[in-house]
Structure formats: C-alpha cells, structure tokens
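2 protein chains.
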Amino acid sequence: MSRGQLIILSGPSGVGKSSIVKKVMEQHPKLRFSVSATTREIRPGEVDGVSYYFVTRERFMEMVQRNELLEYAEYVGNCYGTPAKPIDEALDLGYDILLDIEVQGAMQVKEKRPDAVSVFIMAPSFEELERRLTGRGDTAPEKIKKRLETARKEYTVAPRYDYLVVSETGKVEEAADEILSIIKAAHCRLHNRIHLLKEEN
Amino acid sequence: MSRGQLIILSGPSGVGKSSIVKKVMEQHPKLRFSVSATTREIRPGEVDGVSYYFVTRERFMEMVQRNELLEYAEYVGNCYGTPAKPIDEALDLGYDILLDIEVQGAMQVKEKRPDAVSVFIMAPSFEELERRLTGRGDTAPEKIKKRLETARKEYTVAPRYDYLVVSETGKVEEAADEILSIIKAAHCRLHNRIHLLKEEN
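Chains as they are written, first to last, in numbering that gives the first Met the number 0: chain A, 0 to 200; chain B, 0 to 200.
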C-alpha cells in the first residue's frame with residue numbers, strides 16, 4: 000500500500016469551496032479531513048476529535064513548543080492549529096488528507112511539508128465572487144465588504160500554490176473532477192514511486 | 000481556450016504502452032500524437048504527414064541546423080526527429096500532444112520544453128517485464144535478451160521523469176486513468192492559469 004497524499008486547499012469565502020469539497024469526498028472513499036486543535040469552548044453538537052480536538056491553552060502552547068503543529072494562529076482570542084500526528088498516522092494508513100485552510104496557514108504547512116500538494120480555488124472573476132457573496136442575501140453589506148477585502152488579500156497569495164482550480168458557476172463537478180485528478184496525479188509523482196524502481200535494480 | 004499540454008511518454012518494449020495509449024486516446028478527444036520526421040523510405044500503407052513526415056537527408060540536416068527539431072537521432076542509417084512547429088501549432092489550437100518516445104529523445108525534449116510533463120511507464124517488476132517479452136512467443140531469444148538490456152538502460156533514466164505509472168497485468172484502464180489524471184492536473188498547474196489571476200487585479 001502506498002502512503003497517502005496531503006492536499007492543502009484554500010479559497011475565498013463565497014467561491015463555492017464547500018460544495019466542491021463535498022463532491023470530491025463523495026467520489027474519493029479514502030479521503031479524510033484534517034481535524035484542527037482549538038482552545039475555544041466546545042459547542043452543542045460538536046464532537047471532540049471530530050469537529051475539533053478541544054484542548055486547554057496550556058496544552059496548545061505545549062504543542063506549539065514541541066513543534067507538534069503544522070501551522071497555528073490566534074483568532075478572536077482563541078487558538079487554532081493543525082496537529083501533525085493524526086495526519087501522519089492517517090497518511091501512513093494510506094488515506095489522503097484534505098486540509099481546508101486559509102492562505103497564511105496553508106503557506107506554513109507548505110513550508111513544513113514540501114511534498115504536500117496545494118490547490119487554490121478561485122472564482123471565474125472577482126466581479127463574479129462579489130455577485131456570489133452579495134447574492135446570498137443574508138449577509139450585512141459591511142460583512143460582504145470585509146470578505147471581499149480578505150479575498151483580495153488571499154488572491155495575492157494564490158501564485159504560491161501548485162494548482163489553480165476555477166469554480167465556474169454551476170460547474171461543481173468539473174472543479175471536483177480537477178481536484179480528484181490533481182490528487183491522483185500526485186500519487187504518480189516520481190518521489191512517491193521511485194522506491195518501485197529501486198526494487199528493480 | 001487554454002493552450003494544450005505536451006506529454007512525453009516512454010516505457011520499455013513489452014510494458015504494454017500501446018494498449019494504455021490506445022485507452023488514453025479513446026477517452027481524451029483532444030489528444031493528438033506527435034508525428035516524427037524521418038529520412039527513411041516511405042513504406043506501402045504509410046501516409047506522409049500521418050505516419051511520418053518523409054524528408055530528404057538534406058532537409059533533415061537543415062531542420063537540425065535551424066533548431067526546428069525538439070530531438071533527433073540516427074537509427075540503422077536513417078534519421079528520425081520531432082519537428083517543433085506542428086506540435087506548437089496544435090498546442091496553440093488547444094490540443095494536448097502525446098509524444099511517444101524513447102528515453103534519450105525524451106530527455107532532449109524535456110530540456111527544450113521544461114513545461115512538458117513526462118511519464119515513464121514501468122512494469123510491476125523486472126521479472127514481469129521479462130515474462131511479458133518471453134510470453135509473446137514470436138520473438139527470438141537474442142532479441143528478447145537485447146530488449147531486456149535496453150529496458151535496463153531505460154530504467155536508469157526513469158528517475159528523471161515527472162511521473163511513474165505502473166502497468167499492472169490486466170489493468171490497462173487503471174494506467175490509462177492515471178495518465179488522463181496527470182494530463183488533467185497539468186492543465187491546472189499554476190503557470191498554466193496564473194493569467195486568470197492577473198486579470199483579476
């Protein structure tokens with residue numbers, strides 16, 4: 000059995016990432032989500048180890064100091080991070096791991112895991128992204144404005160990703176199909192299979 | 000419309016490359032074979048511009064001098080080469096081009112076209128390759144021996160390819176599927192889509 004592949008996935012709010020990810024998961028039975036660690040309170044309905052690993056701030060800081068996290072950040076007073084160990088264990092079992100993460104965290108992971116494959120999902124145009132965010136109708140204008148500002152910042156980091164996938168309107172399957180191809184191709188990369196050649200000689 | 004992708008494909012005799020390529024072509028309507036130029040005589044049933052571009056030695060040498068070939072070699076007194084122009088024209092029209100070529104030529108093309116994607120098709124084991132070559136039953140033992148020697152040499156170049164695809168016995172579709180994924184993923188690579196980001200900003 001070959002080792003799993005770590006896939007870093009980012010994309011601005013409103014780009015349609017969750018629909019695409021859902022479609023990808025449906026068609027790839029050996030793909031698992033990475034679970035983050037957080038210091039925030041557990042909420043009703045959340046399950047420890049599934050929604051998040053809920054940890055104390057003390058334990059979180061220990062994880063940081065012991066270099067147990069692939070990336071971490073503080074957000075509205077709470078810490079969030081990606082523990083390396085469960086990812087490595089799943090990869091060793093042959094599972095591919097999808098890490099759905101914002102761009103700063105993505106760059107930290109890329110640094111620590113150069114063999115990870117990184118994908119940035121973008122809208123067909125920025126105007127279209129704006130339309131999608133506005134069209135939801137349930138979001139306050141200031142919130143939309145803030146999300147678009149964030150999206151603009153995220154787009155400036157996009158050229159550091161390995162792959163760009165365009166989320167065309169009404170074409171969730173096409174985008175999902177591209178991501179599935181990227182994952183499959185990643186498994187065929189030389190460094191993942193060079194051991195097969197060595198056995199020959 | 001986005002530009003096509005050049006795919007370099009190599010693999011030892013007996014590995015099952017032609018069956019895999021056939022399956023890939025069936026499932027990819029916009030994939031075309033690269034046509035080689037040669038100085039050898041046209042044979043009955045061959046079509047100029049389809050089987051080969053049949054050229055005089057003088058014209059071939061001119062192509063070499065004008066740097067019109069992505070690679071070339073002499074074989075049993077005849078010259079063979081890959082003209083760049085028809086490939087570039089097809090790529091510009093959005094066709095993906097499959098270049099089925101031996102390893103030395105492949106490395107020359109890789110040098111001249113760093114954006115090409117290179118795939119080496121290997122057998123599950125060298126013993127299996129030997130079995131496949133012997134099992135054909137219509138080949139003289141010395142010829143088999145020579146092919147295996149060539150295969151060993153080819154395997155030493157395999158670590159310079161981007162991707163390795165294993166041609167498992169009876170699994171032509173799986174190998175074809177991997178190659179199709181590699182081609183699809185290649186189209187999503189950053190440098191092929193970065194212009195879409197630039198239009199945004």
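These aren't lab readings, by the way, just hints derived from the structure by calculation.
Do not take every clue at face value.
[To be verified] Pulled a few chain B residues facing chain A out of the computed Cβ check, cut under 10 angstroms:
hint, residue
1, Leu-90
2, Thr-138
3, Lys-142
4, Asn-191
[Said to hold, decoys possible] With a cut-off of at most 30 angstroms between alpha-carbon atoms, the simulated DSS-like pairs for lysine-lysine come out as follows:
hint, chain 1, residue 1, chain 2, residue 2
5, A, Lys-197, B, Lys-29
6, A, Lys-183, B, Lys-144
7, A, Lys-183, B, Lys-22
8, B, Lys-22, B, Lys-197
[Said to hold, decoys possible] Cβ-Cβ distance ranges computed for the label pairs, FRET-style:
hint, chain 1, residue 1, chain 2, residue 2, range
9, B, Pro-123, A, Thr-149, 24 to 34 angstroms
10, A, His-27, B, Gly-48, 35 to 45 angstroms
11, A, His-27, B, Lys-111, 30 to 40 angstroms
12, B, Phe-32, A, Asp-87, 55 to 65 angstroms
All of these numbers come straight from a predicted model, not from anything done at the bench.
Glycine included, every Cβ here is placed at the ideal spot set by N, Cα and C.
Against the structure, the hints come out as follows:
no.: 1; hint: Leu-90; result: violated (19 angstroms)
no.: 2; hint: Thr-138; result: violated (21 angstroms)
no.: 3; hint: Lys-142; result: violated (21 angstroms)
no.: 4; hint: Asn-191; result: holds (8 angstroms)
no.: 5; hint: A:Lys-197 with B:Lys-29; result: violated (35 angstroms)
no.: 6; hint: A:Lys-183 with B:Lys-144; result: violated (35 angstroms)
no.: 7; hint: A:Lys-183 with B:Lys-22; result: holds (17 angstroms)
no.: 8; hint: B:Lys-22 with B:Lys-197; result: violated (37 angstroms)
no.: 9; hint: B:Pro-123 with A:Thr-149: 24 to 34 angstroms; result: violated (48 angstroms)
no.: 10; hint: A:His-27 with B:Gly-48: 35 to 45 angstroms; result: holds (43 angstroms)
no.: 11; hint: A:His-27 with B:Lys-111: 30 to 40 angstroms; result: holds (36 angstroms)
no.: 12; hint: B:Phe-32 with A:Asp-87: 55 to 65 angstroms; result: violated (43 angstroms)
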